[in-house]
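Fit chain L to the given chain X structure using the hints.
Those protein sequences? They're chains X and L, same order as listed. Anchor point for the first sequence: position 223 equals 222 in numbering that gives the first Met the number 0, and the numbering is continuous, going up by one each time. Anchor point for the second sequence: position 183 equals 182 in numbering that gives the first Met the number 0, and the numbering is continuous, going up by one each time.
Among these hints, one or two may not hold up.
Unchecked claim - Quick list of the computed label-pair ranges, beta carbon to beta carbon:
| id | chain 1 | residue 1 | chain 2 | residue 2 | range |
| --- | --- | --- | --- | --- | --- |
| 1 | L | Asp-61 | X | Leu-135 | 48 to 58 Å |
| 2 | X | Arg-44 | L | Pro-68 | 29 to 39 Å |
| 3 | X | Pro-37 | L | Glu-17 | 26 to 36 Å |
| 4 | L | Glu-17 | X | Ser-22 | 23 to 33 Å |
| 5 | X | Ser-35 | L | Pro-68 | 37 to 47 Å |
| 6 | X | Asp-47 | L | Pro-71 | 26 to 36 Å |
| 7 | X | Arg-251 | L | Ser-186 | 24 to 34 Å |
Calculated from the structure, these hints are not laboratory results. Cβ coordinates follow ideal geometry from the N, Cα and C atoms, glycine included.
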Amino acid sequence: MRNGIDCHGFRERLDEYRTGTLSPASRAEMERHADSCPVCAMTLRVQDHLAIPDPDLAADLPEEHVRSMWPRVRDEIARRESRRARRHRSGARASVWIPTLAAAAVLLLAGNLYLLGELSDFRERAHRLAERERGLVEQVEAHERRLAELEASVGDIDPRARTAALAATTSWERMLGRIDRIRVGELTALLAALPPGTTLLRAEDLARLEEPRLTWPPRGWAGAAATLDLADGLQADELLRWIQTLPLDPERNIPTNRILERIRSLSVQG
Amino acid sequence: MDEGQISAAAAAFQQGEEDALEALVDSLTRPLIAIAYRYTRDWEWARDLTQETWIQVHRQIDRYDTARPFRPWLYAIHRNGCLSHLRRAWVRHESTPGDEVVRELQGSTTASNPEADLERAEFHRRLVRALDALGERQREIFARVDLEGGDQKEVAQEMEMKFTTLRTTLHFARKRVAELLLDEERSP
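Only chain X is shown next, with the shape it has when bound in the complex (with noise of 0.2 Å):
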């Protein structure tokens, strides 16, 4: 947070400076801010540049453009017009020939490419099936030595917690993997089904955050610092409790690989 408002109260409060309903003090609030925050200060500046008052632009509109529309539309359709129709007339002459012509050289060259067709269709099926052979064993691979590091860093806790947070964490983990982007009812769907208790990032881990490089959540976890309790380290429940405040459209899509690589980066790291 800077200066008493942040980058997400400056913005609700934008309409409001647009259209000069803001209180004096708000307006100096938002002006403090802009001085400190570089994207702020952009975006007020496109506001101020973009305000042009509408009866200034209506008293500027040159009359001569808004008389001579209907003319010029009028004699630009009929123009177009009659380009087509000339168009259409050459190319009414080359329409006996042509048929014929292309006619012969469709019937040479179906009987070479129906043959080839037949080829490269399975060539194609078994390229696919070694991809999807190689990504099978890439992702077993993947997940055996993700297990080995996790097992490495775990170390002495109770077991119980150890195997919940090993299957959870793999689990959720592996299901992010198979899937490029995720709608935040998914995301919450899958939040839910951990068990309570479940820690997604360390205390030491969340400490390290700087400047996030995630999409999403939009203001990184940093800003989630400020509403939630991460004394422990940031569990599941408590982020699906936050994300549940937050206005998103549950169809929404966001990517999972920026999520899975900053959490395995702080989780190797630690």
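Structure of chain L alone, referenced to chain X:
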């Protein structure tokens, strides 16, 4: 003409009454030029883009659903035309609204602050170019609300989306446009 008369004229034109098109042009050219001016900041370009919109209406009138109001359909064609036309001009390195305004201001003896006007023209060109990098929905909402001055509740209704969703999308669009403009200023 009120909205009902406008939609009735559009339906009549769809049935082949050419006079109805003239009535629509006479009634709606003024707001279309004003919208195009917000994109281009140049009256000549605004006139030309508006003319092109009417040509497109003439070509595509069969696609207009007469059960719905005509104005939003018309404005969608106009908005897309304004954005895509400006994009093509830049790609071909032809004259842009900013260049024409610059030439006009350089020759003008009446501009009170020509340097500030040049800077505004250049900023406007960069702003419209930044819109190109937005997603389709963000671009449309930013254009309709911030560029064209549309009312957010009306725009949400016309786009058949929740008001809160429109506000959230608009916030992200504004932030993204600001980030793009900043990146451009910072890059060498």
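Going down the list of hints, with the structure as the test:
1. L:Asp-61 / X:Leu-135: 48 to 58 Å: At roughly 51 Å between Cβ atoms, X:Leu-135 and L:Asp-61 fall inside 48 to 58 Å, so the hint holds.
2. X:Arg-44 / L:Pro-68: 29 to 39 Å: holds (35 Å)
3. X:Pro-37 / L:Glu-17: 26 to 36 Å: With Cβ atoms ~54 Å apart, the hint is violated.
4. L:Glu-17 / X:Ser-22: 23 to 33 Å: Cβ of L:Glu-17 to Cβ of X:Ser-22: about 55 Å, so the range 23 to 33 Å is violated.
5. X:Ser-35 / L:Pro-68: 37 to 47 Å: holds (45 Å)
6. X:Asp-47 / L:Pro-71: 26 to 36 Å: holds (28 Å)
7. X:Arg-251 / L:Ser-186: 24 to 34 Å: holds (30 Å)
The structure is inconsistent with the numbered hints 3 and 4, although it conforms to all the rest.
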